[in-house]
Amino acid sequence: MTSRIGPARVRVPEQAKKGDIVEIRTMVEHPNESGFRHDNMGRPIPRHIVTSFSCTYNGKEVFSATLHPAVSTNPYMTFHLRAVETGDLVFTWKDDQGGITTATQKLAVV
Amino acid sequence: MGALVAGACLLVVRPAQATPEELVVALRETFGDRSIRKGRVKLELPRLAENGNVVPTMVSVESPMTEQDYVRAIHIFSEKNPLPRILEMRLGPHNGRAVVSARIRMATTQQVLAVAEMSDGTLWSAAVDIDVTVSSCT
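If you read the sequences in order, they're chains A and B. Residue 3 is where the first sequence starts when you use this note's numbering, and the numbers rise one by one after that. Residue 188 is where the second sequence starts when you use this note's numbering, and the numbers rise one by one after that.
Any given hint could be a false lead.
[What the hints assert, rightly or not] Below, in silico cross-link-like pairs of lysine to any residue (SDA-like), each with a Cα-Cα straight-line distance of 20 Å or less:
| id | chain 1 | residue 1 | chain 2 | residue 2 |
| --- | --- | --- | --- | --- |
| 1 | A | K62 | B | R290 |
| 2 | A | K20 | B | R284 |
| 3 | A | K19 | A | F38 |
| 4 | A | K108 | A | A10 |
| 5 | B | K229 | A | D90 |
| 6 | B | K229 | A | E25 |
| 7 | A | K62 | B | D316 |
| 8 | A | K62 | B | H281 |
| 9 | B | K229 | B | P269 |
| 10 | B | K267 | A | E25 |
| 11 | A | K62 | B | S312 |
| 12 | A | K62 | B | T253 |
| 13 | A | K19 | A | K96 |
| 14 | B | K267 | B | V211 |
| 15 | B | K267 | A | R39 |
| 16 | B | K267 | A | G37 |
| 17 | B | K267 | B | S306 |
| 18 | A | K96 | B | S306 |
| 19 | A | K62 | B | S306 |
| 20 | A | K62 | B | R277 |
| 21 | A | K20 | B | R259 |
| 22 | B | K225 | B | D316 |
| 23 | A | K20 | B | E254 |
| 24 | A | K62 | B | Q255 |
| 25 | A | K96 | B | D316 |
| 26 | B | K267 | B | R227 |
| 27 | A | K20 | B | S312 |
Rather than coming from a laboratory, the hints here were simulated on the basis of the structure.
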């Protein structure tokens with residue numbers, strides 16, 4: 003089985019007023035195989051999951067997560083963020099087989 | 188409708204149970220001897236999950252999210268999945284609002300627990316029962 007991670011999809015409002023609290027939605031395409039399932043022959047399917055996620059805003063970490071096998075296929079998470087200044091949001095997902103995906107989205111603060 | 192009735196029956200016949208040992212161990216490993224109080228946390232899940240593979244889950248915590256008083260982390264635990272830990276999310280005052288959501292797997296009918304760790308070190312929680320018709324993990 004080849005290691006597959008991504009692509010990722012994120013939804014960030016294009017612009018926000020300074021001080022607004024915006025919702026950030028994130029998803030990465032990933033099998034997130036729990037390691038608890040078996041194939042048709044009864045052989046265990048090896049674990050392959052996203053283990054960490056982080057979001058930085060102008061270089062500063064503003065949200066991070068540790069994921070366990072009970073997160074669904076194509077891990078989806080949402081959180082909130084206070085819009086302070088125009089800048090890049092960089093999202094990073096890492097899996098337990100060395101796979102990595104990043105996505106960048108600009109948040110314009112007016 | 189049929190599914191709703193079946194779910195209700197499951198809820199009625201389900202015996203009262205002590206918290207499984209694995210969850211107790213995970214809570215102790217994560218929080219030490221600190222007491223986990225009930226309140227300040229709202230955990231929203233469907234009461235009945237037709238499909239345990241994708242259970243939409245939302246956690247909101249009452250907090251001003253200021254530099255002085257904020258939610259440091261939100262943890263989601265399972266009572267009866269193969270592993271007690273589901274997801275840990277780390278937050279700070281820059282989040283403005285302590286509201287997060289995710290999609291998680293439920294192996295069976297059980298209780299889900301959300302624990303919020305505040306900046307002052309106190310722990311607050313909410314637990315919700317969920318009936319699962321089709322299990323994940325099989």
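Could you tell me which of the hints above the structure violates, numbers in ascending order?
1, 3, 5, 7, 9, 10, 11, 13, 17, 18, 21, 25, 26 and 27
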